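All chains should be built: construct the whole structure from the sequences, respecting the hints.
Spelled out, the chains give:
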Amino acid sequence: MIELRKLKYDEVNVGDEIPSYQNTWDKMTGIIYAGASGDFNPIHVDPDIAKLSGQPNVFAHGLFNMALLGRTIIDWIGDPGDLKKFSVQFRARVFPGDTVTFKGRVVEKMEGNMVRLEVWAEKENGELCLKNGEAVVYLP
Amino acid sequence: MVDHKWIGKTYGPLKYEVGREKMKEYAYACKDPRDIYVNEEFAAQTKYGDIIAMPNFAAVYGLRGAGHMLVDPEVKLNLIMLVHGAQEFEWYGVVKPGDVLTETGKIADIYEKGNLDFVIYEGEVHNQKGELVLKARSTFIITGGGSGS
Chain A
4 MIELRKLKYD EVNVGDEIPS YQNTWDKMTG IIYAGASGDF NPIHVDPDIA KLSGQPNVFA
64 HGLFNMALLG RTIIDWIGDP GDLKKFSVQF RARVFPGDTV TFKGRVVEKM EGNMVRLEVW
124 AEKENGELCL KNGEAVVYLP
Chain B
29 MVDHKWIGKT YGPLKYEVGR EKMKEYAYAC KDPRDIYVNE EFAAQTKYGD IIAMPNFAAV
89 YGLRGAGHML VDPEVKLNLI MLVHGAQEFE WYGVVKPGDV LTETGKIADI YEKGNLDFVI
149 YEGEVHNQKG ELVLKARSTF IITGGGSGS
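In the order they appear, the protein sequences are chains A and B.
For any residue, its number in the numbering used here is found by taking its place in the first sequence, counting from 1, and adding 3.
For any residue, its number in the numbering used here is found by taking its place in the second sequence, counting from 1, and adding 28.
Please keep in mind that the hints were generated in silico from the structure rather than gathered at the bench.
Incorrect hints may have been included.
To be verified - Example chain A residues on the side facing chain B (calculated, C-beta under 10 angstroms, incomplete): (1) Leu7; (2) Gly41; (3) Arg74; (4) Leu86.
What the hints assert, rightly or not - Straight-line Cα separation of at most 30 angstroms, DSS-like style, residue types lysine-lysine; simulated pairs: (5) A:Lys106 x B:Lys124; (6) B:Lys59 x A:Lys30; (7) B:Lys104 x B:Lys43; (8) B:Lys75 x A:Lys54; (9) A:Lys106 x B:Lys33; (10) A:Lys30 x A:Lys106; (11) B:Lys134 x A:Lys88; (12) B:Lys141 x B:Lys43; (13) B:Lys33 x B:Lys104; (14) A:Lys87 x A:Lys11; (15) A:Lys88 x B:Lys124; (16) A:Lys87 x B:Lys104; (17) A:Lys9 x B:Lys50; (18) A:Lys54 x A:Lys134; (19) A:Lys106 x B:Lys75; (20) B:Lys59 x B:Lys163; (21) B:Lys52 x A:Lys11; (22) A:Lys88 x B:Lys141.
What you are looking at is a predicted structure, and each value in this text was computed from that prediction instead of being measured.
We treat Cβ as the ideally placed atom computed from N, Cα and C, and that holds for glycine.
Here it is as structure tokens:
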């Protein structure tokens with residue numbers, strides 16, 4: 004039997020930072036995500052429409068950014084089934100060429116082997132594209 | 029302003045049959061094709077016995093009711109001024125290929141803060157065994173007057 008879990012509740016302390024993940028977004032990524040998710044809102048794939056809506060260019064789907072932040076948490080815990088709750092606010096837009104760093108920190112060890120994290124994503128200029136994020140994970 | 033009388037309006041039930049290749053496609057699109065999402069031989073050796081959906085695949089099977097609300101001709105949200113402000117997912121189980129999911133949801137709240145209108149959508153997803161799989165809460169923000177009419 005292959006064990007997916009990597010981390011134990013006792014190994015984690017409040018204040019611990021989880022390993023960050025970094026990704027540079029491009030237009031093709033947005034087109035592929037549109038197809039996979041079924042969200043064809045043209046502001047994410049058609050630069051002309053994005054400009055009509057007042058944006059300088061197309062920008063990443065918020066739910067794509069959220070999935071990458073989720074991946075950062077799962078890289079740390081190991082088993083995707085141990086991610087129990089996850090929330091974010093969508094803020095700064097991610098444009099082609101923007102590099103985003105996905106981060107998290109342990110804020111509480113709760114009863115029942117649950118651990119609460121604050122999680123967020125920031126661009127190189129310091130703007131937060133995912134803000135006030137929170138995740139609850141189970142650790143054995 | 030969005031009419032508060034739509035608070036409580038329900039959407040669904042909406043059925044979604046989970047496709048093996050769609051799960052994988054979503055994992056690849058999110059640049060995370062880890063074995064437990066895409067490799068059946070690997071997954072067979074884990075406690076899951078088969079590949080599982082990336083948790084954020086909930087964006088595909090769990091937000092369709094919200095999508096219906098956004099284009100609901102009765103509620104008439106001003107989509108040009110609308111942004112997806114926040115998203116919360118709570119998972120109660122994993123999703124596997126062939127699962128038949130049923131989503132139900134409602135407009136949980138409508139309120140104003142300054143010049144902004146907030147519309148809160150809450151949905152639940154159950155699988156073919158009747159087990160709760162997901163709760164989703166979406167916040168949509170409309171700037172400069174919420175109604176498109």
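We went through each hint and held it up to the structure:
no. : hint                : in the structure
1   : Leu7                : holds, 6 angstroms
2   : Gly41               : holds, 7 angstroms
3   : Arg74               : holds, 5 angstroms
4   : Leu86               : holds, 5 angstroms
5   : A:Lys106 x B:Lys124 : holds, 28 angstroms
6   : B:Lys59 x A:Lys30   : holds, 14 angstroms
7   : B:Lys104 x B:Lys43  : holds, 24 angstroms
8   : B:Lys75 x A:Lys54   : violated, 48 angstroms
9   : A:Lys106 x B:Lys33  : violated, 40 angstroms
10  : A:Lys30 x A:Lys106  : holds, 23 angstroms
11  : B:Lys134 x A:Lys88  : holds, 20 angstroms
12  : B:Lys141 x B:Lys43  : violated, 35 angstroms
13  : B:Lys33 x B:Lys104  : holds, 13 angstroms
14  : A:Lys87 x A:Lys11   : holds, 16 angstroms
15  : A:Lys88 x B:Lys124  : holds, 19 angstroms
16  : A:Lys87 x B:Lys104  : violated, 34 angstroms
17  : A:Lys9 x B:Lys50    : holds, 27 angstroms
18  : A:Lys54 x A:Lys134  : holds, 25 angstroms
19  : A:Lys106 x B:Lys75  : holds, 29 angstroms
20  : B:Lys59 x B:Lys163  : holds, 25 angstroms
21  : B:Lys52 x A:Lys11   : holds, 28 angstroms
22  : A:Lys88 x B:Lys141  : holds, 26 angstroms
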